[in-house]
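2 protein chains.
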Amino acid sequence: MDIERRSGCPINLSMEVVGDRWSLVVIRDMMFGNRRHFRDLLTRSHEGIASNILASRLKRLKALGLITRMDDPSHAQKAIYSLAEPAIALVPVLAMLGAWGRRFLPVTEELSIRAQLLEEGGPALWEDFMRDLRVLHIEDPIGGANGTRKSPVLARLTQAYLDVRARKAGG
Amino acid sequence: MDIERRSGCPINLSMEVVGDRWSLVVIRDMMFGNRRHFRDLLTRSHEGIASNILASRLKRLKALGLITRMDDPSHAQKAIYSLAEPAIALVPVLAMLGAWGRRFLPVTEELSIRAQLLEEGGPALWEDFMRDLRVLHIEDPIGGANGTRKSPVLARLTQAYLDVRARKAGG
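For the protein sequence lines, the chains are A and B, in the order given.
If you count the first sequence from 1, you need to add 264 to reach the working numbering.
If you count the second sequence from 1, you need to add 264 to reach the working numbering.
Same shape as in the complex, but just chain A (with noise of 0.2 angstroms):
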């Protein structure tokens, strides 16, 4: 798949690739969600993405080489996503359009906790996660994807988020 291409500045081929509405949400989904079946990116969707919208964004996704499918050997009817290279290298621009995000938008705390680690973990602590992405998605993503294989730095970031939570609803 090619993408429109109008002029070769960087910023600009980004927009062509992630610039619409849906496709960094979808990614941001398997990489601090840990979501790579088709129905766990539906049905926990925070922003209720329709089905044929994140039909469309994970074939489009996959054939701009961002992310990967497989057969699930454990479940003959379902594939599994995974990040590809590409899509894990987006993670200081997640960090910092979070960082972004928080300063200037009417973010939750729930959901900005995670943000707000990656912000203040800064350069060091985005190269551990995407080294840990790394073995979740391209070494061993059947083990990533049931859980045998494990992050510490998405183990943390999980925890804090169910921390804040938990805080939430029982305050």
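There could be a bad hint or two in this list.
Below, computed lysine to any residue pairings styled on SDA-like, alpha-carbon distance capped at 20 angstroms [stated by the list, open to error]:
| no. | chain 1 | residue 1 | chain 2 | residue 2 |
| --- | --- | --- | --- | --- |
| 1 | B | K414 | B | D396 |
| 2 | A | K326 | B | R367 |
| 3 | A | K326 | B | P370 |
| 4 | A | K326 | B | F368 |
| 5 | A | K323 | B | R285 |
| 6 | B | K323 | A | L369 |
| 7 | A | K432 | B | S271 |
| 8 | B | K432 | A | G272 |
| 9 | B | K326 | A | L369 |
| 10 | A | K323 | B | F368 |
| 11 | B | K323 | B | D284 |
| 12 | B | K326 | B | D266 |
| 13 | B | K323 | A | R285 |
| 14 | B | K323 | A | F368 |
| 15 | A | K342 | A | T307 |
| 16 | B | K414 | B | E349 |
| 17 | A | K432 | A | L381 |
| 18 | B | K432 | A | S271 |
| 19 | A | K432 | B | G272 |
| 20 | A | K323 | B | L369 |
| 21 | A | K342 | A | L322 |
| 22 | B | K326 | B | R299 |
| 23 | B | K326 | A | F368 |
| 24 | B | K432 | B | E373 |
| 25 | B | K326 | A | R367 |
| 26 | B | K414 | B | S338 |
| 27 | B | K414 | B | A424 |
| 28 | B | K326 | A | P370 |
| 29 | B | K414 | B | D392 |
What follows is a list of derived Cβ distance ranges for each label pair [what the hints assert, rightly or not]:
| no. | chain 1 | residue 1 | chain 2 | residue 2 | range |
| --- | --- | --- | --- | --- | --- |
| 30 | A | R431 | B | A319 | 44 to 50 angstroms |
| 31 | B | R333 | A | G329 | 37 to 43 angstroms |
| 32 | A | R367 | B | D335 | 27 to 33 angstroms |
| 33 | A | A314 | B | H301 | 37 to 43 angstroms |
Note that these hints are calculated values from the structure, not bench results.
Please read these numbers as outputs of a predicted model, since none were measured by experiment.
Glycine included, each C-beta is placed from N, C-alpha and C at the ideal position.
Following the hints, complete the assembly by docking chain B onto the known chain A.
Frame of chain A, contents of chain B only:
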């Protein structure tokens, strides 16, 4: 103007604000090209933005508080567009997005030298650039638009771009 706010996630909210094909490209042209009049943004666009799309994006960015619009005292019929603080604060996002585009997409040398310098300069250069942009767009928008106020960082980025363009034309 309100954004849709499907969730309080900073990445989702950021994409609701700048996650369309053109908004970041318009901000890029104001930021790196110092294009401050509608006609400049329209006719010097490398991507050939359509007039109605440019008008709608400027209106939307103004309603969202990312840009401001004032009468140009030297041209009765013209308006000066300037970046507001939330748009200036996108410099780190654009730097990371440009770095990502340079790595994975078919950029041209001419249109990516500024992204390269921004990436290499890191956070210290981004801070300097944002300080300059505040002078050109917020403290003295008229002087910034008519060229009596200058930005050392922008001058350096622009010269690097012109050097590559001249070399390409000569070679």
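So, going through the hints one by one against the coordinates:
1. B/K414 / B/D396: holds, 8 angstroms
2. A/K326 / B/R367: Distance ~18 angstroms between A/K326 and B/R367 Cα, so the pair holds.
3. A/K326 / B/P370: holds, 18 angstroms
4. A/K326 / B/F368: holds, 15 angstroms
5. A/K323 / B/R285: holds, 19 angstroms
6. B/K323 / A/L369: holds, 19 angstroms
7. A/K432 / B/S271: Status holds; Cα separation ~16 angstroms.
8. B/K432 / A/G272: holds, 14 angstroms
9. B/K326 / A/L369: holds, 15 angstroms
10. A/K323 / B/F368: holds, 19 angstroms
11. B/K323 / B/D284: holds, 14 angstroms
12. B/K326 / B/D266: Holds, at roughly 12 angstroms.
13. B/K323 / A/R285: holds, 19 angstroms
14. B/K323 / A/F368: holds, 19 angstroms
15. A/K342 / A/T307: Between A/K342 and A/T307 the Cα gap is close to 15 angstroms, so the pair holds against 20 angstroms.
16. B/K414 / B/E349: With a Cα-Cα distance of about 18 angstroms, the restraint between B/K414 and B/E349 holds, given a limit of 20 angstroms.
17. A/K432 / A/L381: holds, 18 angstroms
18. B/K432 / A/S271: Judged against 20 angstroms, a Cα distance of about 16 angstroms means the pair holds.
19. A/K432 / B/G272: Roughly 14 angstroms separates the two Cα atoms, so the pair holds.
20. A/K323 / B/L369: The hint holds at about 19 angstroms.
21. A/K342 / A/L322: The given pair, whose Cα atoms are some 14 angstroms apart, holds under the 20 angstroms limit.
22. B/K326 / B/R299: With Cα atoms ~16 angstroms apart, B/K326 and B/R299 stay inside 20 angstroms; holds.
23. B/K326 / A/F368: holds, 15 angstroms
24. B/K432 / B/E373: holds, 9 angstroms
25. B/K326 / A/R367: Holds - the C-alpha atoms of A/R367 and B/K326 are around 18 angstroms apart, at most 20 angstroms.
26. B/K414 / B/S338: Roughly 19 angstroms separates the two Cα atoms, so the pair holds.
27. B/K414 / B/A424: holds, 16 angstroms
28. B/K326 / A/P370: holds, 18 angstroms
29. B/K414 / B/D392: holds, 13 angstroms
30. A/R431 / B/A319: 44 to 50 angstroms: For B/A319 against A/R431, whose Cβ atoms are near 46 angstroms apart, the range 44 to 50 angstroms holds.
31. B/R333 / A/G329: 37 to 43 angstroms: At 40 angstroms between Cβs, range holds.
32. A/R367 / B/D335: 27 to 33 angstroms: Because 30 angstroms falls inside the window, the suggested range holds.
33. A/A314 / B/H301: 37 to 43 angstroms: holds, 40 angstroms
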